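Peer 1: The hints should help you fit chain D onto chain X, whose structure is shown.
In case you want the letters, here they are:
2 protein chains.
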Amino acid sequence: MKKSCCLALCLAFFTTSFLSAQSPNDTVFLRRLSQEILRHGKAYDWLRELTKGIGGRLAGSANFTRAVAWGEEKMKEAGAEKVWLQACLMPHWDRGGKDQASIVRVDGKKTTIELDVLALGNSLGTEKPVQAEVLAVADYAELEAKKDQVKGKIVYYNYGFDPGQLDPRKSYGLSGAYRRSGASRAAKYGAVGIMIRTLTESVANNPHTGGMSYVDSLPKIPAIAIGPRDADQVWEMSRNSSLVVKMHTHGKFLPDAPGHNVIGEWVGTEHPDQFITIGGHLDSWDVNEGAHDDGAGVVHTLEILRALKALGYKPKHSIRFVLFANEENGLRGGNKYAEEAKAKNEKHIFALESDEGGFAPQGFGFTAKPDQMAKIQTWLPYLSPFGTDVLEKTGGGADIGPLNRLLGTTLAGFVPDPHKYFDHHHARSDVFENVNKRELLLGAVNMAALIYLVDQYGL
Amino acid sequence: MKKSCCLALCLAFFTTSFLSAQSPNDTVFLRRLSQEILRHGKAYDWLRELTKGIGGRLAGSANFTRAVAWGEEKMKEAGAEKVWLQACLMPHWDRGGKDQASIVRVDGKKTTIELDVLALGNSLGTEKPVQAEVLAVADYAELEAKKDQVKGKIVYYNYGFDPGQLDPRKSYGLSGAYRRSGASRAAKYGAVGIMIRTLTESVANNPHTGGMSYVDSLPKIPAIAIGPRDADQVWEMSRNSSLVVKMHTHGKFLPDAPGHNVIGEWVGTEHPDQFITIGGHLDSWDVNEGAHDDGAGVVHTLEILRALKALGYKPKHSIRFVLFANEENGLRGGNKYAEEAKAKNEKHIFALESDEGGFAPQGFGFTAKPDQMAKIQTWLPYLSPFGTDVLEKTGGGADIGPLNRLLGTTLAGFVPDPHKYFDHHHARSDVFENVNKRELLLGAVNMAALIYLVDQYGL
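So the sequences go chain by chain: X and D.
Just so you know, we're using my numbering here: the first sequence kicks off at 6 and counts up by one.
Just so you know, we're using my numbering here: the second sequence kicks off at 6 and counts up by one.
Incorrect hints may appear among the rest.
Pairs count within a copy or across copies, as identical chains cannot be separated in the list.
List of simulated lysine-lysine pairs, BS3-like, C-alpha gap at most 30 Å [what the hints assert, rightly or not]:
| # | residue 1 | residue 2 |
| --- | --- | --- |
| 1 | Lys156 | Lys133 |
| 2 | Lys314 | Lys175 |
| 3 | Lys352 | Lys87 |
| 4 | Lys352 | Lys380 |
| 5 | Lys152 | Lys57 |
| 6 | Lys103 | Lys57 |
Hints listed in this document are in silico derivations from the structure and should not be mistaken for laboratory results.
As the structure is a computational prediction, the values presented were derived from the model and not from experiment.
Just chain X, with the same shape it has in the complex (with noise of 0.2 Å):
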C-alpha cells in the first residue's frame, strides 16, 4: 500500500513546480471546496437522516422503498438538475427472525451456553433447529483432511483475523472465504449446518451479517456468524471436548422486489456526453442503521454535488451522482445502471465509489491503464493537503465494477482508514454514532477535489 505511495510522491514532487506554476487557480478552488465542505457540509445532518430516521435498508424492505424516496429528495436539495429513479428487480431476502443458537451439551452432559450468532445473508433457515454434535476445524485445509467426520455434523469454521496482517482488508479477503462458500463446502461432505468465527478483530463480541451464497446442486445448509468471544470459547471448548449446538436460523428469500438507483445529472459545459459517475449504495443489511456501510458513501455523493453546486462549479463532463441499490445481496442496481448505459451507447469516462466507511481518508485505489495512473498520480500535490497519501494501483466499489467490465470504465475507490472499519461492518454497531462528523466530512472533501480534477484534465 505504501510502495505505490512512495512512488507517487516521487513522481508528484517533480511536477509539483510544475503543476502549482500553471494552475494556481486550482488550489484556490480546491482550498474554498474543502472549506465549503468542512464548515458547511451537510453529510453529517443527512446520514443521521437516513440511519436514524429509516434505519436499516435491505433490498426489498420497506425501509429500502423509503430510503429510494428520501434520496430522490435529497438529491433535488442537493443540487441536481435532473432526478430520476431507474428501476430494477432486487432479490429479496428476510431473515424471517431471530437467530439463535447454543451449546446444549459438552462431552454427553446436558448445558446451555448462549452463543451471540447472526445469520449469513442469503442462508436458508429451517423449520425447526438444527442440532449435531460440532467439528471444528481451523480452515478449509483441516476441512478436507477431516472430510471423512464431516457427515451429520455442525461445522465450525475458527478462521479469523491475523491482527499481524497490516491491512485489515487483506484479513478481510482471506478470512470472507469462509461466510461466502463454507456453507457449500461443507454440506459437500454432508454437514448439517455450518458457523463461522465472525470477520472482525473487534474485541467486542459482536456477530456480522454479511453474503454468502449456496452452490445450487448442494443442500443449502444453514450459515451462522458467532462473536469473537464466542467463537474463542467454543474453539477452546470443541478441542477438548465433544460439543452439541443447537442453532436455529429462519432466513427464506421472498419474490423478486422492485428497487430503485436514484440518479442526479448534471449536465456538462464542454463534453456533455462523457460521464463521470460519483455513488454509494442506498441499501445496507438488516441488522444495523448502515452507517459506514454505506451510508457514509450516500452522503459523500450528496456532499460533493452539494458542494460543487455552492460555489457555482461548471463542469466541463456531465456528472452522475447514483444512490445504487442492492449492493448486499445481489448487486443488481449497479449491474442495471451499467447495462442501461451500455445500451444506450453512453460514453463513461471515469467512476467513483465510496463504500469503505466514513472514515478519515488515506487515498484512493484505480483500475487504470498505465499512462492514466501516471497521470493521476501527479495530482497529489492537490489531494495531500486533504490528507490523501495513498494512490494505489488496484481498486474499484461493486457497484461500478459493470461499468469498467461492460465499458471500460476508468474507476477509483475512495480508502478511508481501513483499521476500525471491520469492527463495525455488516454487525449491528454500525450505527451513526460510531460515524464521526469531521472525518466524513474529509472523505467528501478527497473525494471532490479528485472529482474536480478528473473533470477539469481527463485522464
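Peer 2: Just chain D, lined up with the frame of chain X:
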C-alpha cells in the same frame, strides 16, 4: 504537514534500494517487532487496568500515587532491568466540588438555563457564586475594543475551532490562548469571571478542562469552559439579549505534593553512557480516565519495552522508559528528569514522547538538526509499512522539552491521526471505551521501529 512528507518520501525513494540492500536484517527485525506487538501486545490490557482500575489521576491526588505504584509494577513486568522512582514536588490543584453555571436572567426576566461547564484547571473558585451580566466577545480583538464595558461583567469568549482548518492541532493552538490566558486578559479590565467556548470541534455538548494560569498581579477570577451546544446558545442569546449568568466553582491549591517519575532502564551494550528516552505522562485531569491523554503514551512506553525484550533485542545505547509526573498542570516531572540528567552530566542523544493520543499512526514530528532530519528521512521506507507517512520538522513533547533546552537532546513526538483527539482531550469522554486496540498497538509499532533505528544507527 504533507509537504515535508512529500520531500521525505522523495529522499527516501532514492535510498530505498541502498538501505534495503545494506540491511535486510532490519526489515526482517521490524516485521517481527510489528507482529510481536500486534499479535501479543499487552498495551490495551494495561490501559484497561490504568483507566478502569485507577481512573483519573491528577497530580497530588491519591489516584496519582496509586498510578505510580502501578507503573512501577508494570515497568518490572514489561522487563526493565532496573526500575526506580524519581521524586519531585508537584502542584496540587483540587476542583473542590461540582462546577456550576446557569443563565439566570435574560433581558431582566428571571430564568434558569443550566449550562454544562467545567472549571479550567488551576483556576480558583469563589466562596459564593459569582453573578453578573455577560459581555460576549468573539476574540481578544473585540475584548480590547470593548474594554470600557468589561468592568463588573463575566466575559464570554466565543473563539472556537475553525472546522475549515485542515490540521485541528492548529485550531487547538489558536483557541488554546483563550483557555490559558483569557482570565487575566479580562481581569485586567475589571471582569469578575470568564467563560470560554470549550476547545473542541466535537458535536457532543462536552466541556473540556485543561490548564490555565493567572498573571499574579491581577485579580484571580473564576474561569470555566462551556460545552459546544451550550456555547452556541450563550453566543446567540447574548448577541440579541442581555444575559445574567451565575457561576460557582471551587478550585483551590493545596500544598505541593510529593510525586514521582517512574523510570525503567535497559543498559546499552556499546554505548551504555548514551541515553535514549521514551515516555508518556502518568498524570491526567480529574474529570476523566486519561485514556488517550496520556494513558496511551504510558502503555506505548511499556509495550515498546515488553516487545523488544520479548524478541531478545540487545540495545546498543542505554534506553530509559519514563512515565512522567505532572505534565498537565506543572511539568514538574519533565523538568526534574532533565535537571537530574544535567546535574549528572548524562549524555541524552534522543527522546521520544507519545502524548497526542492512541489513534492510528501518521508519523512523527522532530526537533532535530538538518543533517539529523536528512538521516531520519532515509528511514521512511522502514516505517511506512506500519503507517508512518509524515516526518515533520517540528515536534517533541512537553515532558521531554526540558531535555532539549538543558542538554540539546534531539526530540521526537509521535503523531497519530489528529482528527478525533480534541473530541476527548481533557473532557469527560476521554475514557477507555474511546480507544481502539488495533490503533493503540499500531502506535507502539511505529514508535518501537523508530527507537530501533535510532539505537542501531544513531543520529
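Peer 1: With reference to the structure, classify each hint as holding or not holding.
Peer 2: Okay, the hints, checked on the actual structure:
no.	hint	in the structure
1	Lys156 <-> Lys133	within (19 Å within a copy, 79 Å between copies)
2	Lys314 <-> Lys175	between (38 Å within a copy, 29 Å between copies)
3	Lys352 <-> Lys87	within (19 Å within a copy, 70 Å between copies)
4	Lys352 <-> Lys380	within (20 Å within a copy, 50 Å between copies)
5	Lys152 <-> Lys57	neither (46 Å within a copy, 47 Å between copies)
6	Lys103 <-> Lys57	within (22 Å within a copy, 34 Å between copies)
Going through the hint list in order, the structure does not satisfy hint 5, though it satisfies all others.
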